[in-house]
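A.B. asks: Letter by letter, the chains look like this.
There are 2 protein chains.
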Amino acid sequence: MITKPIRLHGSALAQALLRPRSIALIGASDDPDKTTGRPLRFLRGAGFAGQVYPVNPHRDSVQGERAWASMADLPDVPEHAFILTGTDTVEAVVRECASLGVQVATVLASGFAESGPLGAAREAALGDLVRASGMRLLGPSSLGIVNTANGMLLTANAAFAEPDLPVGRVFVASHSGSMIGALVSRGKARGVGFAGLVSVGGEADLSLGEICAATLDDPGIEGYLLFLESLRHGAALRAFAIEAARRGKPVIAYKLGRSQAAAEMAATHTGALAGEDDVADAFLKDCGIARVGVLDALLESFPLALRVALPPAGMPGPRRVGVVTTTGGGAAMAVDQLGIRNVTIEAPSAPTMERLRAAGVDTGAGRVLDLTLAGTRYEVMKATLEIMLQAPEFDLVLAVVGSSARFNPQLAVRPIIECGNAALAGAKPLAALLVPDAPDALVALTAAGVPCYRTPESCADSIAAMFARRLPAALPPIDAYSGHAASPISEAAAYALLDQLGVPRAASLTIPYAAEPPALPFDYPVAVKVCSAQVPHKTEVGGVILGVADPVSLRAACATLRANLAARAPGVRPEEILIQPMRAGLAEVLIGYRVDAQAGPIIMLAAGGIWAEVAQDRSIRLAPVDLAGAREMIAEVRALQSLTGLRGKVRGDLVALAQALAALSQLALKPEWGVREAEINPLMVMREGQGVLAVDALVLKA
Amino acid sequence: MITKPIRLHGSALAQALLRPRSIALIGASDDPDKTTGRPLRFLRGAGFAGQVYPVNPHRDSVQGERAWASMADLPDVPEHAFILTGTDTVEAVVRECASLGVQVATVLASGFAESGPLGAAREAALGDLVRASGMRLLGPSSLGIVNTANGMLLTANAAFAEPDLPVGRVFVASHSGSMIGALVSRGKARGVGFAGLVSVGGEADLSLGEICAATLDDPGIEGYLLFLESLRHGAALRAFAIEAARRGKPVIAYKLGRSQAAAEMAATHTGALAGEDDVADAFLKDCGIARVGVLDALLESFPLALRVALPPAGMPGPRRVGVVTTTGGGAAMAVDQLGIRNVTIEAPSAPTMERLRAAGVDTGAGRVLDLTLAGTRYEVMKATLEIMLQAPEFDLVLAVVGSSARFNPQLAVRPIIECGNAALAGAKPLAALLVPDAPDALVALTAAGVPCYRTPESCADSIAAMFARRLPAALPPIDAYSGHAASPISEAAAYALLDQLGVPRAASLTIPYAAEPPALPFDYPVAVKVCSAQVPHKTEVGGVILGVADPVSLRAACATLRANLAARAPGVRPEEILIQPMRAGLAEVLIGYRVDAQAGPIIMLAAGGIWAEVAQDRSIRLAPVDLAGAREMIAEVRALQSLTGLRGKVRGDLVALAQALAALSQLALKPEWGVREAEINPLMVMREGQGVLAVDALVLKA
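Protein sequences, first through last, are from chains F and D. Numbered per the working numbering, the first sequence spans residues 1 to 702. Numbered per the working numbering, the second sequence spans residues 1 to 702.
For the record, the hints were derived by calculation from the structure and aren't laboratory data. It is possible that part of the hints are untrue.
All copies of an identical chain are treated as equivalent in the list; a pair is satisfied when it fits inside any one copy or across any two copies.
Unchecked claim - Here are the simulated SDA-like pairs of lysine to any residue, each with C-alpha atoms no more than 20 Å apart in a straight line:
| no. | residue 1 | residue 2 |
| --- | --- | --- |
| 1 | Lys285 | Arg470 |
| 2 | Lys382 | Leu118 |
| 3 | Lys382 | Ala72 |
| 4 | Lys649 | Leu546 |
| 5 | Lys670 | Pro488 |
| 6 | Lys701 | Leu216 |
| 7 | Lys649 | Ile545 |
| 8 | Lys649 | Thr539 |
| 9 | Lys188 | Asp440 |
| 10 | Lys34 | Asp523 |
| 11 | Lys701 | Ala635 |
| 12 | Lys670 | Ala473 |
| 13 | Lys34 | Pro409 |
| 14 | Lys649 | His537 |
| 15 | Lys285 | Ala635 |
| 16 | Lys188 | Val443 |
| 17 | Lys34 | Leu586 |
| 18 | Lys649 | Val541 |
| 19 | Lys382 | Ala569 |
| 20 | Lys285 | Asp362 |
| 21 | Lys701 | Asp128 |
| 22 | Lys649 | Gly608 |
| 23 | Lys34 | Gln410 |
| 24 | Lys188 | Asp362 |
| 25 | Lys428 | Ala519 |
| 26 | Lys34 | Ala161 |
| 27 | Lys649 | Gly542 |
Sequences and hints are given; from them, build the entire structure.
C.D. replies: So this is what it looks like as structure tokens:
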């Protein structure tokens, strides 16, 4: 009798994924060079100590080892099965594994959700099967999973043929199977090793977030590198990231999709819908995940992430870099790249300069401490770094080293290694950029745990990303953001909701749709609008008439409006007409709340008018935000800088705008209201002290 | 008797710089590891066949060779002298060299213009000395000059200790001395060699542009890589670039100063004034110089520059890339980076897909041709590339190769090398991005002349930069743009100038300053302004009164204006008052002409209002521009996209705007007018068909 296994998660899941006592390789090839032959070769080559069962109905032996004809023939139930067979057979094999009590099955085959409707049906079937059985599934379309500590090279990725893989302290999780190989080979060239790597494939069951979360108890894993094609399974990723931050394990991500072309490609490549990149960006930041934009920086940033402390909530983060160099031109490249990423290059203070001169260092002038060729001496660099690392004006010290890094590492690189080690013991972070090709020096710095970079772009990208990292926002836990259909409510109902939230809105009066307008409780001119849940886009059907000047015009406007509706939306029977005084502001903005399918509840602020149309000028946060967060958002919208009193211009009421943003974002704490989307467009921003005012609102409820 | 040498330039200069028959090393050290000992060591190590004379008054021998006590003792006059002595001695040594008839002296010492007033005086003295004598001077602060073809490693840069320097076909010229070393070591790691390299130092005499121009006749030099800290000696650089383009020798530049911090650093580092980066960007583009933004791309772009043909004048350039890959994740990185640089990823057309399928290639769907792991076979990649390279829908084909590039280059890299060679013979360009660390494959591709990249950022940067390259604009020759002081002319005088150029401007009437206003030839309301060359900034002294409604108010306004001036600019005696009808437009823009100290005459278009203040939203070209150029400029200003009829908005008269821009830019053809700067702010843009109108103008004349 077969006992159904418990549905694994956490450490038990990590055990079956990364430290299984036994593994079946279903469909293992006799040819060690074939994709399906590689896992056996790699496991044996790396000396994996667990039981490995090649399963192949067509052969007695595989690569010189005994092969079993079927899973049923095995002497015991393997904890982990790597299914290497073709797409059409996967469902049956998965069913067999589940019925036998295998704990985790990893599926290599592609041809699932990414390949069209038939594949999507196949993937759904897999998902159902797994959920019913309790067995966990990695993939489909997974190139496997690797634990370097125990030689579990359970992968078909050719890159793992690499001899002498360096072992490290970070775990790599990737949407792309080929990228785990690319990272391994690029890492090896730099002496950067990994604790483990996983190609998560189609995430039919186990998502990237859940897999990483399962490994959080592993003391050999001190941080995570994520290669993300798009933002998906956001709830699990967010839960993982928050817990990783709590334990002080940095998470660094490289995410595709900055361009429309790549976003589309992610969609066709994986079958997942790609979201907007700036939503993903806000998500990662609010989850405490550092996002790098340069590929090398994904490989190079972990040592710096360990050293740059996260600022306490609400406090400003690090931003000031002190630069020491033996090569002016090389340092200028780093300075340029840091500058365009808004990192401040701080000049040594007068007391620091004093101490440097007292130590015999020829300081020169300028923001960068250029020791020049003459300063390429061990004693000079050592003394300089020791003084710079104690100077309170820097959050980080960057040493840029010229040709000596290649030929004479004892001159300028050795003191960096010595001071970099000291930096680990509590002082501020020290990082190095090597301007020549100097692979040996990079390996030596990496071995010493000193953050080091081979290009100015990666160096600056990494520093900027680590400086931008924040503790995850205090956010309510969320299970999943399912995309149930949502329907609009009327503008009047939307205003009632804004009133409950405390978002100021224009006065309004609603009258029955067919009624004659009464005397108004506010002044003319007014706006007249159809008010109905059936007409969310009022202007498109002639449902808005502006600038109505007096009672006679108002009656006429109501009649025109009814005529427009009858003509352009003949099936619709609106309930009410809404009358509102016309209001002008200093500026118009759009504020919106939305439950994003991947990122969860988000709050957005965007400039109105041409800004919104011709420039992507908006700020996004996970919701809710407090007033401080709302103020940061306002600072991020370029067009709103014209309301800050710049060049004597009239100031807008940005305090009231921050309050309105924070108030609207509170919808994230009221899931029982069922609001999926709430957009105020426009919100009029008045002069300083005169508030803000919503003059239209569209709310969608589940 | 000593004959004064002719002032060398062109090929004769190149001869003395790069192929001197004899070299003196003045101040050569006996210690081959010392900076001043290196040139002798490097020249001997590289087997330079010319005469080399170590000159050292303190020793009979240097590094085992006979040393001469002074220049006067030498058996003949060396063609080139490398002056390695200290800053204080340089002037005397240079004087001696000049008087002996040395053709070129290269000066290593720093401590000149970059180091303050004393150094600037030293540098000026050097310049005077050299101009009087006719001897040419490289430096000061030059790390030397290298010709790899003849072993002339006349440099103190430690990087040239490198054994087996690869020889190449490009010449490197750098503002930074240390960067020639960095490029040599980075190039060597990739099998990228150079024909020669020069560290131009302070350019007291020979500028980077003049040195490069001198080498244009050298058949061994097929292109140029420039490392620029800032734009300086623009006239010489422009003359060189135009001639290089005429001869089909590509010029590729990496220029610092994108950020304010780096611009400042260039200023302190070299004593030169750093200009605005977007002016430099426009300068480089209009000179036909490709600007890369990623350091690796400087090293990697030359093979692609040889293959991407420049479009004929006025024709659109290449923009469509076809992507073939064995790794979806890897290709997505390249696609993302290309996308954010506005390069189009083109899907294979239906006929191309048809041909691929007929050849047995499993094409999949999507814009990128993802052969997947299964396609990592020689025959598949070869057939695919051959078909893609013939497809008319692509301007370039990019092959992105996964792990096989490291372990099995015969699978996917070999066909790229074969097709890449074929591509040279007239077909379209083929480039390769290797996703794993695959140094051997990179070297093999480089040896075959196939453009190849190790990071997605460099790959995309290089492709975008080569696609953006244009034939140099047809520009009048200019000797230099000296910064003579310029003075404003009155608004009325500026309008007369606009009338001559054909730039439309608002009607205006000027009256004597103290006069009572007459009946006006245009309608009220009007603007009243002080009109005087002495008051260029009218609003600051209350010299502008707007919205004056009738004759009584006009008289009062004139009185107020005179009172304002008397109070706020008591010393000034303005000549006239200018009266102008108030005009409103659909939008306000700023158009400006300026003779930039480095870039020469430029024309600028910027959005008015908050756009100009909070966003850098402007377009710059070298002047003059024709209508096509002016239209391109309009397309580059984001705010003006709101005038193109977007979303049903009213169209602005962009035809008239283009005409006004082109007309203003004609100032570049009228140097005899002496206009240094002409700014129209604002220029009102009316509705389509209604023109544009300058309502203020400030002109500075030399």
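A.B. asks: Hint by hint, say whether it matches the structure.
C.D. replies: Hint check results:
1. Lys285 with Arg470: Only inside one copy: Lys285 and Arg470 sit 7 Å apart there, 40 Å across copies, limit 20 Å.
2. Lys382 with Leu118: neither (64 Å within a copy, 31 Å between copies)
3. Lys382 with Ala72: Neither: 66 Å inside a chain and 44 Å across chains, both beyond 20 Å.
4. Lys649 with Leu546: Intra 28 Å, inter 18 Å, cutoff 20 Å: inter-copy only.
5. Lys670 with Pro488: Close inside one copy (18 Å), not across copies (64 Å); limit 20 Å.
6. Lys701 with Leu216: For Lys701 and Leu216, neither the intra-copy (37 Å) nor the inter-copy (70 Å) Cα distance is at most 20 Å.
7. Lys649 with Ile545: Classified as between; 18 Å across copies, 32 Å inside a copy.
8. Lys649 with Thr539: Between copies only: 15 Å across chains, 33 Å inside a chain, cut-off 20 Å.
9. Lys188 with Asp440: both (12 Å within a copy, 15 Å between copies)
10. Lys34 with Asp523: So Lys34 and Asp523 fail the 20 Å test inside a copy (81 Å) and across (87 Å) alike.
11. Lys701 with Ala635: neither (30 Å within a copy, 41 Å between copies)
12. Lys670 with Ala473: So Lys670 and Ala473 pass the 20 Å test inside one copy only (17 Å; across, 61 Å).
13. Lys34 with Pro409: Between copies only: 16 Å across chains, 43 Å inside a chain, cut-off 20 Å.
14. Lys649 with His537: between (35 Å within a copy, 19 Å between copies)
15. Lys285 with Ala635: For Lys285 and Ala635, the Cα distance is within 20 Å only inside one copy (16 Å; across copies 34 Å).
16. Lys188 with Val443: Classified as both; 9 Å inside a copy, 19 Å across copies.
17. Lys34 with Leu586: neither (68 Å within a copy, 67 Å between copies)
18. Lys649 with Val541: between (38 Å within a copy, 18 Å between copies)
19. Lys382 with Ala569: Neither. Shortest intra-copy (78 Å) and inter-copy (58 Å) distances fail the 20 Å Cα cut-off.
20. Lys285 with Asp362: neither (41 Å within a copy, 40 Å between copies)
21. Lys701 with Asp128: Answer is neither: 29 Å inside a copy and 80 Å across each miss the 20 Å cutoff.
22. Lys649 with Gly608: both (18 Å within a copy, 14 Å between copies)
23. Lys34 with Gln410: So Lys34 and Gln410 pass the 20 Å test across copies only (16 Å; inside, 46 Å).
24. Lys188 with Asp362: Classified as neither: same-chain Cα gap 38 Å, cross-chain 33 Å, threshold 20 Å.
25. Lys428 with Ala519: neither (70 Å within a copy, 75 Å between copies)
26. Lys34 with Ala161: within (12 Å within a copy, 45 Å between copies)
27. Lys649 with Gly542: between (36 Å within a copy, 17 Å between copies)
The structure fails hints 2, 3, 6, 10, 11, 17, 19, 20, 21, 24 and 25 (numbered hints given earlier, in ascending order).
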